[in-house]
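Enquirer: For reference, the chains in residue letters:
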Amino acid sequence: MSILVNKDTRLVVQGITGKTGTFHTQQCIEYGTRVVAGVTPGKGGQMWEEKVPVCNTVSGAVKEHGANASVIYVPPAFAADSILEAIEAEIPLVICITEGVPVRDMAEVRRRLEFKDTKTRLIGPNCPGIITPGECKIGIMPGYIHKPGRVGVISRSGTLTYEAVWQLTQSGHGQSTCIGIGGDPINGTSQLDAIRMLNEDPDTDAIIMIGEIGGSAEEEACTYIKENVKKPVAGFIAGASAPKGRTMGHAGAIVSASGAGTAEAKFAAMEDAGVSIARNPSEIADALLRIYKG
Amino acid sequence: MNIHEYQAKHLLQEYGVPVPRGYAATNPLEVETALSNLGDDMIVVKAQIHAGGRGKGTFTDGYKGGVKVVKTLEAAKEAANHMLGNTLVTAQTGPEGRKVQTLYLTEGCDIEHEYYLAIVLDRETAQSVIIASTEGGMDIEEVADKTPEKLIRVPVSPTMGLRSHQCRQVAFALGFKGEQVKQFGRILTGVYKMFWEKNAMLVEINPLVTDKNGNLSALDAKVSFDGNAIFQHPDIEKLRDLNEEDPKEIEASKHDLAYIALDGNIACMVNGAGLAMATMDIIQSFGGSPANFLDVGGGASEEQVTAAFKIILSDPNVKGILVNIFGGIMKCDVIANGIVAAAKNVDMTVPLVVRLEGTNVEAGKKILRESGVALTPADSLAQAAEIIVEQVQSPG
Numbered sequence: 001m002s003i004l005v006n007k008d009t010r011l012v013v014q015g016i017t018g019k020t021g022t023f024h025t026q027q028c029i030e031y032g033t034r035v036v037a038g039v040t041p042g043k044g045g046q047m048w049e050e051k052v053p054v055c056n057t058v059s060g061a062v063k064e065h066g067a068n069a070s071v072i073y074v075p076p077a078f079a080a081d082s083i084l085e086a087i088e089a090e091i092p093l094v095i096c097i098t099e100g101v102p103v104r105d106m107a108e109v110r111r112r113l114e115f116k117d118t119k120t121r122l123i124g125p126n127c128p129g130i131i132t133p134g135e136c137k138i139g140i141m142p143g144y145i146h147k148p149g150r151v152g153v154i155s156r157s158g159t160l161t162y163e164a165v166w167q168l169t170q171s172g173h174g175q176s177t178c179i180g181i182g183g184d185p186i187n188g189t190s191q192l193d194a195i196r197m198l199n200e201d202p203d204t205d206a207i208i209m210i211g212e213i214g215g216s217a218e219e220e221a222c223t224y225i226k227e228n229v230k231k232p233v234a235g236f237i238a239g240a241s242a243p244k245g246r247t248m249g250h251a252g253a254i255v256s257a258s259g260a261g262t263a264e265a266k267f268a269a270m271e272d273a274g275v276s277i278a279r280n281p282s283e284i285a286d287a288l289l290r291i292y293k294g
Numbered sequence: 295m296n297i298h299e300y301q302a303k304h305l306l307q308e309y310g311v312p313v314p315r316g317y318a319a320t321n322p323l324e325v326e327t328a329l330s331n332l333g334d335d336m337i338v339v340k341a342q343i344h345a346g347g348r349g350k351g352t353f354t355d356g357y358k359g360g361v362k363v364v365k366t367l368e369a370a371k372e373a374a375n376h377m378l379g380n381t382l383v384t385a386q387t388g389p390e391g392r393k394v395q396t397l398y399l400t401e402g403c404d405i406e407h408e409y410y411l412a413i414v415l416d417r418e419t420a421q422s423v424i425i426a427s428t429e430g431g432m433d434i435e436e437v438a439d440k441t442p443e444k445l446i447r448v449p450v451s452p453t454m455g456l457r458s459h460q461c462r463q464v465a466f467a468l469g470f471k472g473e474q475v476k477q478f479g480r481i482l483t484g485v486y487k488m489f490w491e492k493n494a495m496l497v498e499i500n501p502l503v504t505d506k507n508g509n510l511s512a513l514d515a516k517v518s519f520d521g522n523a524i525f526q527h528p529d530i531e532k533l534r535d536l537n538e539e540d541p542k543e544i545e546a547s548k549h550d551l552a553y554i555a556l557d558g559n560i561a562c563m564v565n566g567a568g569l570a571m572a573t574m575d576i577i578q579s580f581g582g583s584p585a586n587f588l589d590v591g592g593g594a595s596e597e598q599v600t601a602a603f604k605i606i607l608s609d610p611n612v613k614g615i616l617v618n619i620f621g622g623i624m625k626c627d628v629i630a631n632g633i634v635a636a637a638k639n640v641d642m643t644v645p646l647v648v649r650l651e652g653t654n655v656e657a658g659k660k661i662l663r664e665s666g667v668a669l670t671p672a673d674s675l676a677q678a679a680e681i682i683v684e685q686v687q688s689p690g
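Residue numbers (the working numbering), protein chains in the order written: chain E, 1 to 294; chain F, 295 to 690.
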């Protein structure tokens with residue numbers, strides 16, 4: 001087993017009839033993901049591309065088609081509402097790909113996630129998605145660069161994750177599950193949450209954690225790693241050369257004017273936690289293979 | 295998105311926060327009008343730029359101080375003349391400084407005490423936090439460093455909103471009494487309402503002052519908004535001052551490119567924000583210096599790549615370009631065609647190193663090889679960085 005998604009995952013696509021939703025749903029189906037339904041309000045009852053039934057609501061997709069995971073491709077203005085709809089429908093796993101969701105909306109969503117009756121884990125927003133190679137791909141990552149195996153990968157970034165995954169695959173090491181947690185300042189699943197899940201997964205033997213400047217999610221994950229993780233962990237932080245006070249593409253990637261959230265501080269936390277560090281993005285897999293032979 | 299002090303104060307005023315009477319002026323005529331409205335009394339002349347440390351700043355012609363408190367109309371006019379159109383350098387502007395295009399002229403205030411009040415969105419706890427201190431008027435980071443016990447922090451739940459007891463809690467902690475507690479409550483309520491309704495990331499009043507009569511007002515204000523939410527607030531979007539932004543960054547945003555100008559000489563063009571940062575980092579680790587951050591996005595079109603090259607080359611510091619693309623859904627051959635077409639479209643005056651990886655990479659490399667465009671292909675990110683750093687440092 002891997003974490004969160006596998007060959008039994010039954011996916012509903014929120015925003016399936018949009019351009020982005022359509023394109024990536026095709027890619028996911030080609031990879032082998034079981035897409036059981038789509039949701040586009042007002043288009044319920046139609047068939048998407050003659051393949052997938054469309055529902056008006058997420059709860060409809062759950063009741064009629066047994067969906068147990070959702071991916072969201074709706075525009076930023078409506079993304080938070082789509083996440084909340086999926087939470088109310090008690091979907092266990094929701095992955096929000098959408099970039100540009102207002103931070104205030106995410107603050108409200110986070111509060112809803114913390115309710116005692118919440119049954120949902122949210123991944124993202126502003127993320128590439130999640131993949132268990134060979135079984136299930138949910139999101140926008142290119143499937144073929146991955147290979148089934150035993151290394152878990154966690155990252156705040158998209159293409160930088162592909163870079164690391166590609167390095168692993170080329171060196172002959174497959175992945176158990178790769179999770180893109182997203183580049184926004186407020187998200188559903190933190191580095192720490194993801195590390196904990198991979199640490200507890202019997203089919204993951206080693207972990208790669210890719211972070212970015214901004215916030216303290218990597219430091220919190222490192223505190224946990226130091227205390228609890230016996231599996232080999234390698235890490236990289238993007239943004240060592242970024243100036244203070246500027247948002248580097250990802251809304252969450254910013255070293256504050258006062259100097260909080262630097263790559264230096266995060267590398268130091270990794271070092272302290274015994275994480276094998278890649279100082280250079282072309283050596284992420286190498287950093288893991290220094291301490292893990294597979 | 296940031297706005298000027300005078301814009302922030304006008305907004306605060308709309309939310310019932312008392313601010314000193316004041317007028318913005320962009321030319322000598324408007325300065326005259328503002329001064330005649332203010333009358334011959336204590337006047338404060340303030341340079342309006344999106345950077346802190348104005349009071350301690352120096353203009354490039356040697357004139358000291360971007361904030362002046364003067365006693366007469368004549369002195370105010372003189373200060374205004376010095377500042378308007380002049381370039382102010384502060385601790386936050388960088389050595390090149392910022393040209394002062396707008397002034398804010400306000401009535402003076404007999405200050406009894408300076409306080410600090412701010413609301414920020416705290417990413418770790420995903421809620422807004424009120425930060426207040428009796429030590430206003432100075433850098434709050436310094437207060438946090440030296441006297442953390444003087445920092446009051448009260449979180450506000452995004453679903454519950456600000457409650458009266460929280461206003462009282464902060465007011466009493468700041469030492470307010472009687473009528474002041476109510477006055478402060480109204481101010482904090484207004485500030486929070488504005489923060490929440492306008493999707494602000496930060497509203498900072500520093501200082502919030504009491505005058506000799508014990509009345510409170512906001513003497514300086516800094517507000518920044520969530521760029522992702524600006525589409526919901528056309529009134530805020532109108533406050534954007536393009537003079538405060540790098541023209542290259544404005545041009546990039548028109549083409550949906552995320553570009554940030556830096557001070558190095560190796561430009562980069564990358565798909566994805568994380569990989570773009572990592573590309574800057576690797577240039578630096580090979581002893582080079584990145585000229586920019588540039589994320590062309592997941593589906594970079596030929597038009598976008600062309601625009602990106604033009605923006606990069608408009609920076610006179612650029613001595614070389616590193617293109618790093620990890621083709622995922624977007625295929626390398628499509629990207630290679632875009633690069634070749636764009637390179638033929640612009641006058642490529644500096645060395646260009648291209649590293650492609652991912653989907654259809656061989657087809658992409660073939661297109662680059664056969665294009666006739668003067669570029670150096672690289673097989674890995676490390677190799678690409680090494681080559682471009684070497685080409686820039688020892689040209690020819």
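Don't take each hint at face value.
[To be verified] Restraint ranges, calculated between C-beta atoms of paired labels, are given here:
1. 441/F / 268/E: 36 to 44 Å
2. 548/F / 291/E: 40 to 48 Å
3. 471/F / 230/E: 32 to 40 Å
4. 592/F / 43/E: 40 to 48 Å
5. 541/F / 6/E: 44 to 52 Å
6. 43/E / 323/F: 39 to 47 Å
7. 144/E / 454/F: 28 to 36 Å
8. 23/E / 541/F: 32 to 40 Å
9. 246/E / 379/F: 25 to 33 Å
10. 32/E / 674/F: 16 to 24 Å
[As the list claims (entries may be wrong)] With a Cα cut of at most 30 Å, we get these calculated DSSO-like pairs of lysine-lysine:
11. 487/F / 116/E
12. 516/F / 542/F
13. 371/F / 487/F
14. 147/E / 492/F
15. 244/E / 492/F
16. 371/F / 147/E
17. 51/E / 19/E
18. 244/E / 371/F
19. 476/F / 244/E
20. 244/E / 659/F
21. 371/F / 51/E
22. 492/F / 532/F
23. 393/F / 625/F
24. 244/E / 660/F
What the hints contain is simulated information worked out from the structure, not anything from laboratory work. Quick caveat: nothing in here was measured; it's all calculated off a predicted structure. All C-beta atoms in this analysis are idealised placements derived from N, C-alpha and C, irrespective of residue type, glycine included.
Enquirer: Each hint: holds or not?
Expert: Results of checking the hints against the structure:
1. 441/F / 268/E: 36 to 44 Å: violated (26 Å)
2. 548/F / 291/E: 40 to 48 Å: For residue 548/F and residue 291/E the Cβ distance comes to about 47 Å; the hint holds.
3. 471/F / 230/E: 32 to 40 Å: Roughly 58 Å apart at Cβ, these two residues miss the hinted range, so it is violated.
4. 592/F / 43/E: 40 to 48 Å: Violated: the Cβ-Cβ distance is about 26 Å, outside 40 to 48 Å.
5. 541/F / 6/E: 44 to 52 Å: Holds: the Cβ-Cβ distance is about 50 Å, inside 44 to 52 Å.
6. 43/E / 323/F: 39 to 47 Å: violated (59 Å)
7. 144/E / 454/F: 28 to 36 Å: Taking Cβ atoms as reference, residue 144/E and residue 454/F lie about 48 Å apart, which means the hint is violated.
8. 23/E / 541/F: 32 to 40 Å: holds (34 Å)
9. 246/E / 379/F: 25 to 33 Å: holds (27 Å)
10. 32/E / 674/F: 16 to 24 Å: With Cβ atoms ~30 Å apart, the hint is violated.
11. 487/F / 116/E: holds (28 Å)
12. 516/F / 542/F: Judged against 30 Å, a Cα distance of about 25 Å means the pair holds.
13. 371/F / 487/F: violated (37 Å)
14. 147/E / 492/F: Not satisfied, since the Cα-Cα distance of roughly 46 Å exceeds 30 Å.
15. 244/E / 492/F: holds (25 Å)
16. 371/F / 147/E: violated (71 Å)
17. 51/E / 19/E: Holds, at about 16 Å.
18. 244/E / 371/F: violated (36 Å)
19. 476/F / 244/E: Cα-Cα ~39 Å, so violated.
20. 244/E / 659/F: violated (36 Å)
21. 371/F / 51/E: The given pair, whose Cα atoms are some 74 Å apart, is violated under the 30 Å limit.
22. 492/F / 532/F: OK: residue 492/F and residue 532/F at ~13 Å, within 30 Å.
23. 393/F / 625/F: violated (44 Å)
24. 244/E / 660/F: violated (40 Å)
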